[in-house]
Amino acid sequence: LIFDNLKKSIAYTLTSNIPEISPFLLFILADVPLPLGTVTILCIDLGTDMVPAISMAYEQAESDIMKRQPRNPFTDKLVNERLISMAYGQIGMIQASAGFFVYTVILCENGFWPTRLLGLRRAWDSQAVNDLEDSYGQEWTYTDRKILEYTCHTAFFVSIVVVQWADLIICKTRKNSVFQQGMKNHFMNFGLCFETALAAFLSYTPGMDKGLRMYPLKINWWLPAIPFSLAIFCYDETRKFLLRRNPGGWIEKETYY
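Residue numbers for the sequence shown follow our numbering, beginning at 1 and rising by one.
If you're looking for bench data, these hints aren't it; they were derived computationally from the structure. Nothing here was measured: the structure is a model prediction, and the numbers come from that model. Positions of the beta carbon are idealized from the N, C-alpha and C atoms, including for glycine. Among these hints, one or two may not hold up.
To be verified - In silico SDA-like cross-links for lysine to any residue, where the CA-CA straight-line distance does not exceed 25 Å:
{"id": "1", "residue 1": "K253", "residue 2": "L83"}
{"id": "2", "residue 1": "K218", "residue 2": "T205"}
{"id": "3", "residue 1": "K146", "residue 2": "F101"}
{"id": "4", "residue 1": "K184", "residue 2": "I21"}
{"id": "5", "residue 1": "K7", "residue 2": "R82"}
Unchecked claim - What follows is a set of in silico ranges between Cβ atoms, one per label pair, in the way DEER data are often shown:
{"id": "6", "residue 1": "P114", "residue 2": "P247", "range": "25 to 31 Å"}
{"id": "7", "residue 1": "F241", "residue 2": "Y136", "range": "45 to 51 Å"}
{"id": "8", "residue 1": "G89", "residue 2": "A200", "range": "28 to 34 Å"}
{"id": "9", "residue 1": "S63", "residue 2": "G207", "range": "29 to 35 Å"}
{"id": "10", "residue 1": "R82", "residue 2": "Q138", "range": "46 to 52 Å"}
{"id": "11", "residue 1": "N246", "residue 2": "F187", "range": "30 to 36 Å"}
{"id": "12", "residue 1": "G249", "residue 2": "P114", "range": "37 to 43 Å"}
{"id": "13", "residue 1": "D125", "residue 2": "Y235", "range": "33 to 39 Å"}
{"id": "14", "residue 1": "G248", "residue 2": "Q138", "range": "58 to 64 Å"}
{"id": "15", "residue 1": "F241", "residue 2": "E81", "range": "18 to 24 Å"}
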């Protein structure tokens, strides 16, 4: 049980690394304004993800735990290639897509279409440029651009919190459906509420724009990440269903961590 719950906690924690590092890769490779700041990454790692990750320690055993073969200490590692594949290659990619979608939505609403963003970094970050034109010919000062950028950082941060809801729920089980396991872990339920409340606190508390460069979001900017959260949940439930239906099959060999 301890080994199981450690695996689940690690899987949950590792997943958010992809949406945290991919904005910097796009920033470097495509020369776009930075989608996510370092302060907001710290808010995820040291804030919103802490309580949910710890809550995995209180998760009850899955109903099939006594039907499994004894763990081989030489081959059954805590972190294996299948766990990395699930966390980084699959769920993490969906989470990163959610963040970039929210980032694009906010910039489009403010006049910057994706094609305008490519190669814009140098002019965007230059304090000397106070007449930068967006896709509609509107001019933006350096200060206004930075406020928009930090709003995007906050929205990207909130989108990661939203998709981590689904990630936390799917990590409750390795093979069983979440509907079989239930939501009886009250500490985990508290963790879901805690990370949401903390995200709202960091976004809407007066003075956060000065301290952490986090700006209040329109309520509809919380919504674009929700379909991605549902996609993560449905994707993993389907994977577990096929895994239970075909024991020892290809899906178990490639994705059962």
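Each hint, compared with the structure:
no., hint, verdict
1, K253 x L83, "holds (11 Å)"
2, K218 x T205, "holds (14 Å)"
3, K146 x F101, "holds (19 Å)"
4, K184 x I21, "violated (33 Å)"
5, K7 x R82, "holds (11 Å)"
6, P114 x P247: 25 to 31 Å, "violated (44 Å)"
7, F241 x Y136: 45 to 51 Å, "holds (47 Å)"
8, G89 x A200: 28 to 34 Å, "holds (31 Å)"
9, S63 x G207: 29 to 35 Å, "violated (48 Å)"
10, R82 x Q138: 46 to 52 Å, "holds (49 Å)"
11, N246 x F187: 30 to 36 Å, "holds (34 Å)"
12, G249 x P114: 37 to 43 Å, "holds (40 Å)"
13, D125 x Y235: 33 to 39 Å, "holds (37 Å)"
14, G248 x Q138: 58 to 64 Å, "holds (60 Å)"
15, F241 x E81: 18 to 24 Å, "holds (23 Å)"
The structure does not agree with the numbered hints 4, 6 and 9 stated previously, though it agrees with the rest.
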